[in-house]
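Engineer: Going down the list, the sequences are from chains A and B. Per my numbering, residue 479 is the first one in the first sequence, and the count goes up by one each step. Per my numbering, residue 1097 is the first one in the second sequence, and the count goes up by one each step.
Keep in mind that a hint or two might mislead.
[What the hints assert, rightly or not] Quick list of simulated restraints, FRET-style, between CB atoms:
{"id": "1", "chain 1": "B", "residue 1": "Arg1116", "chain 2": "A", "residue 2": "Asp497", "range": "38 to 46 Å"}
{"id": "2", "chain 1": "B", "residue 1": "Ser1265", "chain 2": "A", "residue 2": "Val605", "range": "14 to 22 Å"}
{"id": "3", "chain 1": "B", "residue 1": "Gly1371", "chain 2": "A", "residue 2": "Leu756", "range": "48 to 56 Å"}
Keep in mind that the hints were calculated from the coordinates and are not lab data. Note that beta-carbon positions come from the ideal geometry of N, C-alpha and C, so glycine has one too.
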Amino acid sequence: MIELRHVTKQFKKSVVLDDLDLDIAAGERVALIGSNGAGKTTLIRCLLGEYVHAGELSVLGLNPRQGRADLLRRVGFVPQLPPPLRMSVGDLLRFAGELAARDPARFEEVAARLGLETAKVRHLPFVKLSGGMKQKILIAIALGRDCELLILDEPAANLDPEARHAFFGLLAERLGRATMLISSHRLDEVAPLVNRVLELDMGRVVLDDRVADDVALAGRIRCRLVLRREEQAIAKALAEWGLSADGLVWRGDIAGPDRLRFLGMLARYVGVLTHIELEEQA
Amino acid sequence: MPRMSDFLPTLRLEVNTSLRARWFAVHALVFGGIVALLFVFGLTESRVLGFIGLSRLLVTYIQLAMAILPIFVLITTVRSVAGDREAGVFEYLLALPVSLSAWFWGKFLGRYLMVFAPVFLAMLGATLWALVVDIEVPWGIFGYYTALLAAMTWCFLGIAMLISTLARSTDVAQGAAFLVWLVMLLFLDLILLGVMIQEHAPAEVAVGIALFNPLQSFRTAALMMFDPQLIVLGPSAYVIFDLFGALGYQIFALAWPTLIGTLCAFWGYQQFRRGDLL
């Protein structure tokens, strides 16, 4: 699926990818983690044929520079920061549909599953949408195309809990059919989504680990929390996760792959909590 | 050759994006405004060098267009292309399945249409108005000035695309674009006369530099429409007429800048195709 042999990328005197050797097999879900400047974005840009480099690189059996249009028709990409596109949402969907030979209605279906009615924003410039809306449009374009490789750079960062659940469900539908490369600064953001972790540092792979693959991407977790006392900060955070209060007791469901993020959030208020109950739903 | 399946969507996207861009609004307003002002100030009624009516308006319009259009095309193009690259627009759009040739030439042609359309439509509007109010239309001048503006737009757009490809940041691109325009401006006849006087350079050298400079070749060709003997150029006119003849020079003034624009655009495309896209 992806093969790198002695791939090196240098900007003037700075080596960003350093003699990288890597194999990613079809169907793998890989977390690409590392601090700022580790080389994650540069590696992604090399895979997308946006950077020239030394060494050999092949994606889906193609060279990303020479066979770029044929390759990119089979690759879906969601960037970390939505680009400031001045075109309308309708123009963007149409453009992506024409290039990928796909009906833009498919993108709209995916966007609807993420909770965005594109009919309401079709005439607006993309740049004027909220961060979450932009992310939903970009995810819709990537997942509305039956791609064999998905390159996702912190794809769920701007999504609300409900949209995250829908997004995980969409990824679950592609298990086994698509290889996923999910980039993030933090492992806890992406750990439940993947079965392999690659950590980059100074342009080299410093960790390559297989991880347990037991989390159901489309699953949900039922939560019940009891607070010691009323407190505005935790109430606001729980409400944002979609939980509702009955006195000091909070209940609700979260997306299965979000469990680490959710626990991370709870850890900030651990002194206020007297009871935490999480139950995986069938 | 770009694939039509990628090229046409890219061209249309560039047109649609330009229609929403501030530069296009300013561009359309400036050229539409110039024509409106020329009418308001009654230029069709005034007489200079025996020119009256629409000919007088067109002559003034082309002089103003020659002053504004090159720097406007250079700066707005390098700003938006280099700015889009810096802001991550290219990172996303070039991750979609578009070939590099379709992307580059689709953007180039889309932008060309959007830069040329207001300049031409303003002039066309003036001509149509002249027909309505029964002012005689000098179709020869209108046709040649249209071709001259088309060639001028092509030339400076090609140069701007080359600069945008070579420069890695908006600041550098803007600085380079301004410098190119300034050098061309400095080598209009004022500086050339200075060079000739100071360095005792042969007249052919000075005229050669002037002919090489697209700003000067446009200026001379526009002058030729109302001064067919190029009397205002003095002895240089003899060199031009000996070399080209009147019709030959008019053709040269269209072909040479078009060639410069085309060569620059191709050079820019080669650089774009071979290097980092971002």
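Engineer: Each of the hints needs a verdict: does it hold here or not?
Structural biologist: Hints versus structure:
no., hint, in the structure
1, Arg1116(B) x Asp497(A): 38 to 46 Å, "holds (45 Å)"
2, Ser1265(B) x Val605(A): 14 to 22 Å, "holds (21 Å)"
3, Gly1371(B) x Leu756(A): 48 to 56 Å, "holds (51 Å)"
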